[in-house]
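> Take the two lone chains and join them into the complex the hints point to.
These are the residues of each chain, in order.
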Amino acid sequence: MKKRFSPKKNYEKTRSEIGYVTRKKATPADYKRIGFKSGLEVHQQLKTKKKLFCHCPAGIYNDHDEYNAEIIRHMRPTLSELGEYDGTALMEYKTRKQIIYRIKNQTACTYDIDDTPPFLINKEALEIALEISLLSGLNIVGEVHITRKQYLDGSIPTGFQRTAILGVEGEIQLKNKKVRLIQLSIEEDSCREVSDIRHTRIFKTDRLGMPLIETVTYPDMETPDELREAAEYIRFLNRSTGKVRIGIGAGREDVNVSCRGGSRVEIKGVSHNKWIPELSHNEAFRQFALLHIRKLLKERVANGKNRSIRSSKIDPRDLGLENEHIQKAYNENFEIYAVNLPYFKGILSHFTQPGKIFADEITTRLKVIACIEKPNMIHTEMLEDHINKKDLEKICGILEPKEDDAQIVFWGPKEDIPTALETIEERCQMAFDGVPNETRKSFPDGTTIFKRVLPGANRMYPDTDSAPIPLKTDYIETLRKNIPQTVAERFRQMKSWGIPEDTYHYLLSKNLAPMIEQISGKFGFEPKFLGVFWGHTFKNIEGKMPQHKNFSYNKIYGLFKFIHNEKLQPSIAKRMLPVIYEHPDMEFSSVLISINFRKKSMNELLAPVDFLYEKFKEIRISGNDKNTINWLMGQVYRQAAGNVEMKNLKKEIEKIVHNP
Amino acid sequence: MAEDIFQGYKGAALGVLRKFNVRVWGQTLIDTTRGKFTGTVLPRSENDDDRHIVLKIPTGYNIGIDIDTINNMKETGYQKANYKIPEKEFPYSDHLPNVKLFGTGGTIASRLDYRTGAVIPAFSPGELYGAVPELADICNLTTEKLFAIFSENMGPAQYITLAKAIGKEIRNGIDGIIISHGTDTLHHTAAALSFMIQNQPIPIILTGSQRSSDRPSSDAALNLMHAVYAAGHGDIAETLVCMFGPTSDEYGFLHRGTRVRKMHSSYRSTFRTIGDIPVATVKRDEIKLIKENYNPRRKDRKVNILPYFSEKVTMLYYYPDMKAEILDSLIDMGYKGVVIVGTGLGHVNKEIYPALERAAKKGVSIYMTLQTIWGYVHMFVYDTGRDMMAKGVVPAGNMLPEVTFIKLGWALGQTEDPVEVKKIMLSPVNDEITEREPYNGYLVYQGGVPEVEDFVKKFRK
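Heads up: the protein sequence lines correspond to chains Y and C, in order.
Here the first sequence stands for residues 1 to 660, numbered as in my numbering.
Here the second sequence stands for residues 1 to 461, numbered as in my numbering.
The following block holds chain C by itself, in its conformation from the complex (with noise of 0.2 Å):
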């Protein structure tokens, strides 16, 4: 196919270009009702209107031209842009642990799409090292690209892909995997990968950003940093996230892929630890443990792989007045597991009572947990709590909503049983329903109080 030379324009404006014979990347003087301009015509965003042609002028900003205005266009030269990060070989060095990167995709690794005006993933590890000339210091990195999709087009399939991949270079002997992911499901991902594989004898770290890498203030790099830090040298052979600990650029956190979550839409900091404390801080050529009990990194070559998922599991967010008919349709549709998330201490209303009981009459698999995202199903506390146990809904005791839902995913896959299904969520895989919520696994502190400014003043967040 001969390249698009028109990128992205489209009806009135592609004709103008056409009209005068004019390219993307073409040097130009445009002649309009609002005077001359001079430039290199840039594509075009497919999302953005047909009324307007871009130019990079020659002080290198951009501006739009109105088609309406223009009298007359005529193209001078042509230089066309290559946008490519700097690749270089990645150094390998004997006394540095080999660490693998797997790359979903995700800001982590992104640059500009003119198609979509957006950032698009990109990556290779001759990338990565001419951005990040750290890593060197750190390890030796292999890369291997297995999607390139953002974090929302994340799946089972891709789960069950990765886990079978990280599987091979277990055994392989590979000393750390870390993978990068778009951040919006990173915690999904975690918990599925935490339940797949199992009793694994090195750390898995999945990382992401939250600013994309082509902006000077990105937390990308640091983060990889400390994943590929904590994956080469550090000893929690466990699933685990890693990303900012405070928004300010001074230590991540290693999370438990199933206590993780992702908690504010922006921040940089906005991976938490719910009900329970991250496992370790992690700095460049540091890691300081805050959890005593971990699985720690061994010599051998063991590893469980179970990629096993049913995609016929689903969640519903109670609101109020739920109707009935909304639990009754999916059940029709064939789901086999529901994950309510309820409010309070897991509660739903009495409305939907009867299509609880004719889901479990059915054979599927209903799991209670909370909105409140901290704390305990506790469905014995009041009656409505305990006649919905009787109709077969079981408590998902503290275990995230997200994790829940990848969980039961993740059990239907092996069996559709309810009873074998239940033994499976009931049994903690590592810590996603954990016996005791210490007193500092809930602090969501209060801005304007005057002890917490003082400690907000003092320590960064």
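If we strip away everything but chain Y, and leave its shape as in the complex, we get (with noise of 0.2 Å):
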């Protein structure tokens, strides 16, 4: 007797074939073997107060409901300068979408709308990106030429990004490599999405308009541990400028992935570096998984005669089907067809992703391209909520079958069953070719699915309402004097310093090396001394407690101006950082006073250190000096901290302790 097909079981067994290994387990030699290849586009929001292209404040967000007005927009793809559509404009004026834009009159003015054109690009703007272009090493343009960039997913009302490079091939010097740069280009950063339900695509004006920075690599990364690190690079070198935004959603990556025999794929809008291995991780594995369902249909194909994708519509009350989907679909008045997929038998249950099957790539386009919203189908081959078999066979005695086609039934609104059936026998075709190029949205767990086609080159067309900018030499030979030092000789200076390395991350992440130069270089500290206390002390008091909104970096300044200035010990900065970081208002002597600290010489805390000594020897347990001195020390330190160096504190202790 044939043994039943068990989808879960073939998920298992394409998944051992492909050889997936998870993240933790993998090495470079599994990366290897698979061909990965990365590269990135990292986004970098610049601390300006205007927008780019008009006058509206930058960085004043609001919340999804908070709006006074709507617009409506529907796009239309348009030829490029060269005379071509863009592949992914097609498809998006397949979704017929109807956009919706939420202004808010504070933030949002009639360029936004596109109703009124370009004023002239932001200086400031400008200026900030091509100093961060300088520090990346590219090659700065002679003129800026605006350029438009088609987006027909609505995220931006005109339907392109107005965008001009600043330089082309540059490079960073990660760890163990060198990375190359293609270019970095300023652009205005678009529209938030609120929802995308069916036809209708609803965004806010808030962030539209910003400006953001692009920083492109080349594929250069060969796992995802370099591509993490590219990225750590990329944004403390925008960060080490001082000038760019920092927080939620200003700094963005869009990760190009591919394996060996692969495509460019592009995981779009990743926020968190940290989830960026993960991710590389699994679409590297995705597309290799593709690589294999494509050698399995080929076979298949090989061996018949290729047989093209059936449907029918069908009527769940006269076949009586039972499934729950089914009926709830029936109930809402959608359409229902069944179709019939050639060879695809145990490719619907192939493996992707961790818990992904080659048919979720298919329902995802349903709801991207045809716009039907999930759950949008049921198929042979679900991993749960299988279909019943009797449902099956009513099924199967429509499309009649072959032993190894697999079925897929989904529904819709009438109106929009041919772009769906479209879709499936699209998508399928596909499977014969590999990978589809795509841009792709991730999630938290490390999967992607689905976002649009890939766009390419074709979508680029001359700014017309802008005239170009010219860069003399002389301009950009005076801000190349002004840029700070690469992100490369900050780790070497931070080394020079003896400055722990767990710190590292942390000092670069918020810019803080030209903190401690100063604050060295002005008032004679240790540099070691204030990496530790930036690095560990406060970053441990900022990740407990609120910050007050008049803190600021300068108030830690002040500070050890102060502590010069009083001469007492920088120790004494570790117990006022609470209390200034809550009060930042409070002047600095009342800050020592409400943390009880008095001026004190060697002489005044050594005082009372006989008569504790006395005391200590008919409390205590041994007779260790070790144990003596350490609970001495304990007994004097609150009181001796600021005031002298705990080092020569305890020295004097040992004297009393071993010459008594």
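It should be emphasised that the hints constitute simulated quantities derived from the structure, not laboratory data.
Treat the hints loosely; a few may be bogus.
Derived pair list, reagent style SDA-like, types lysine to any residue, alpha-carbon separation capped at 20 Å [said to hold, decoys possible]:
#, chain 1, residue 1, chain 2, residue 2
1, Y, K97, Y, R192
2, C, K458, Y, E66
3, Y, K123, Y, T628
4, C, K36, C, F20
5, C, K283, Y, K528
6, Y, K389, Y, R427
7, C, K36, Y, T473
8, C, K422, C, R284
9, Y, K25, Y, W275
10, C, K461, Y, H74
11, C, K36, Y, E169
12, C, K88, Y, Y85
13, Y, K600, Y, F611
14, Y, K97, C, R284
15, C, K457, Y, D63
16, Y, K374, Y, E332
17, Y, K510, Y, K528
18, C, K458, Y, Q98
19, C, K458, Y, R76
20, Y, K472, C, G11
21, Y, K97, Y, K472
22, Y, K94, C, A157
23, C, K312, C, A360
24, C, K461, Y, I100
Okay, the calculated bits of chain Y under chain C, using three or more residues with CB under 8 Å as the criterion [to be verified]:
#, stretch
25, 156-163
26, 179-191
27, 271-277
28, 538-544
29, 621-631
Since the structure is predicted, the reported quantities are computational estimates derived from the model, not experimental observations.
Heads up, the beta-carbon is just placed ideally off N, CA and C, and yes, glycines get one too.
What follows is the structure, given as structure tokens:
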């Protein structure tokens, strides 16, 4: 007797066939085996007062339902400068989306909604972007040409993003390798999505038009760890200017991944660098899985004649189908179709990502392209929630499938059926070609789903509303003189200071090295002490306590100035910090009072030690000197902190203990 | 003439291209003091400087290279772009009305022009069908390019050519006419055609776009669909302007050609009916009447074409302390008609009065209109107004200044006799002067007021 086909077992079998390993278990050899290749597009908002092409304030955000008016737009594909249509544009057009923009008067003007041509580019933004271009070692262009980059998903009301290249061909130095940069552009940020249901997509325009830069690397990264390192490096580099925005969404990465024989797939808008390794790992293996699927399909077709996909409209009442999803679809007046996919048995449940199978690629495309909300289909290889045998027989009675076929039943409003059928057929056809070029959306669990077709270079068009901006060599050289040290130089510097390595990430991400340099240079405190102060003490406080709105790093600079002027020991800063963090407007002398600090000389501090020593002798349980010294130090520590160096105090106490 | 292989380059930049033997559309490797650059040399706009060479780099972006930084250039290939909207033959369906589209230029049908770096008009039915295939579901479309000019270059000669061409089409049996037109002077042309084409049996619809059709969010396609629907299926046999109602892609207005005005430099919803309400709203497949009175479509082929225009007509926008010599010099130059755009209810300063008298004596027709745009000229309210009327100034009622100008040119094209001119001017052809101004004919709501904000939030403006 023939064994019943188990989708779950097939999922597990195909997972092991492609040699999937988890991220934790993966070794560089695994990445070599699948030919992992990856590049980055790092987006970074610039800290400017106003937006890039209009005079609206930048960086003021509002809630979804906080708006003054709504605007509707429909997008149509247009030709690129070179006379071609872009694939993404045509896909988006297929979706027939109605785009609604929610506008708040405070943050959006007639430029944002494309009812006014652009104003001159924000000079402040351009200058910051140029500084970062120089820091990235890029060849700076002679003239900036604003270009329109088509986006038909509605994320920008004009249907294009105004963007311009500032530099090409640079490089950054990671720990063990150099990574080449393709280019750096300045551009306007897009709208934030509120919702996307059926044929209506809603955006809000608060973030729209804010100045943003995009640094693009070559696909030089060969492991997920390298990828993360490059992402961190570029983020630190951007922050080292002190002129970029930080916080949620201020820096976002698009991660381009492929495996050997695969295609470039872009994972869009990853806002945490720590997610990058897992996402890129899974994507590379997803591509590896798709290549395996291609191999299986080609083998099957080689043995038989290629048969085309067949579909049939079905009436679940007539057929007496019991499936819950189908009944629900029927009750919502959807049209229901059964589709036969020749050769797809064992493919629909083929592993693609952890917990995901090939059928998921189809259901997401139905949602994105045909705009049919999930669940929009069931199929013969579901991991859970199987179609029962009776239903399956009835459906197969209509489709008359062959042994190695698989079946889908999908549903949707009548007007979306043609696009849906086209979409299913298209995706199945693509399986014979391997990995489709896609933009994918990421999830925190490390998996991704289809977002849209990957756009190419065929979506560029010169911005006829803006004149080119010349960049004179004198101007570039003046800027070059003022740029900060590179991140690689900062690493070396921190090492030479002897700062513990576990603080590097924090210090670079907050751009604190210049601050350490400044405090140390001005007041003569040890950079090593300051590094630990910021990287351990400050970070710890920051993680624990709410920050007062008036607090800024400059308060800490002021604190060390005070300690220097009052000739106190720098260690007192650790005790003062929590108070200052919470009450930044308090005078430093009052802070000292609040922590019960009194100025005392070494002799004053040592005065009670003899008495304490005698007392300790009464209560101690062993005669160990070390314990004694520690206990005595503990007794006078709080009074001593800030007055004398601890190691000196210890020496004095040791003298008393050793030579009574 | 040989093809220009250095399109748009001049002076020093041209010299550099010649020196290194690199053509426009040549794929090039450039070695500069700022590093190496690769890409395709693009044409340069003639108005831009001669210090830079434009390059399309492999990622599709354009950049400029400062010629002073160039050490060496080398052409490694050649690939010319072919910017062409895919042309497809416009399909014909028996059951759909026949609509003729006259092209005059303007942003509704335009594409990139490397010479100026701006957009230029471009147009053919095949292109239109390629770009807006939905048109084929609405009508059978034929097109004729009459001119390819920006709307600011439209004038009397073009009005006359248009009127005659439309007359011919009507007699040949067309079901509707649309005219694609730049928006800046769309309302001037609409007024001119309202006077030159009278008693027509079919709709004549003027349309354009505020965002050029090379942009994904252009209003061109929707305006075109609305206009074609109104021309082919609509019952309003008048000269109408069809443009966006709200700035959203929702519906269009059909404005009477004699009462419409462009009111914002860049908004999509820039055209408004002034001192009255629009005739109708239009969607891709529906017209909703707002006004009850209009000239309905007829089966016959009768139409009066009155293609007259005198160019001896001018406009004078009044400003405080205007000197009489301004008006005098216009009269001396031989102008036969002057439309004054006066303040308030229709006033100018006393200093001009003698010049008004001199003009009247020379048989010049002078009409008073309003800077306030809305409202009627009321010259009886103050003595000064009565004085002016005594000196021969004719109040133009609530006729819009631009419409008065067009009508006066049209009237003077028929007669220079001020009495005859006045008869023509004050007999409305199609509501250019209305007897009454409805309360909702003037609605300029002020933002910031809670109830207005409430309204704006609920309904798209």
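> Does R284(C) lie within 20 Å of K422(C) when you go C-alpha to C-alpha?
Violated: K422(C) and R284(C) sit about 42 Å apart, past 20 Å.
> Using C-beta distances, would you say chain C covers the stretch 156-163 of chain Y, given that this needs three or more residues below 8 Å?
holds (count 5)
> Does the structure keep K25(Y) and W275(Y) at a Cα separation of 20 Å or less?
Between K25(Y) and W275(Y) the Cα gap is close to 17 Å, so the pair holds against 20 Å.
> Keeping to a limit of 20 Å between CA atoms, is the pair of K510(Y) and K528(Y) held or broken?
OK: K510(Y) and K528(Y) at ~17 Å, within 20 Å.
> Given the hint that K461(C) pairs with H74(Y), test it: the Cα-Cα distance must not exceed 20 Å.
holds (16 Å)
> Tell me if the straight-line CA distance from K458(C) to Q98(Y) falls inside 20 Å.
The hint holds at about 17 Å.
> Against the 20 Å threshold, does the CA-CA distance of K97(Y) and R192(Y) hold or violate the hint?
This hinted pair holds, its Cα atoms lying about 16 Å apart.
> Does I100(Y) sit within 20 Å of K461(C), going by the straight-line distance between their CA atoms?
holds (14 Å)
> Quick one, are K94(Y) and A157(C) close enough, alpha carbons at most 20 Å?
With Cα atoms ~44 Å apart, K94(Y) and A157(C) exceed 20 Å; violated.
> What's the verdict on K36(C) and E169(Y), does the C-alpha distance respect the 20 Å limit or exceed it?
holds (8 Å)
> What's the verdict on K97(Y) and K472(Y), does the C-alpha distance respect the 20 Å limit or exceed it?
Given that 20 Å is the threshold and the Cα spacing comes to 44 Å, the pair is violated.
> For the stretch 271-277 of chain Y, count the residues whose Cβ lies under 8 Å from any Cβ of chain C; is that count three or more?
Violated, because only 0 residues of the stretch 271-277 of chain Y bring their Cβ atoms closer than 8 Å to Cβ atoms of chain C.
When the structure is compared with the earlier hints, violations turn up for hints 3, 5, 6, 8, 19, 21, 22, 27, 28, 29 and for no others.
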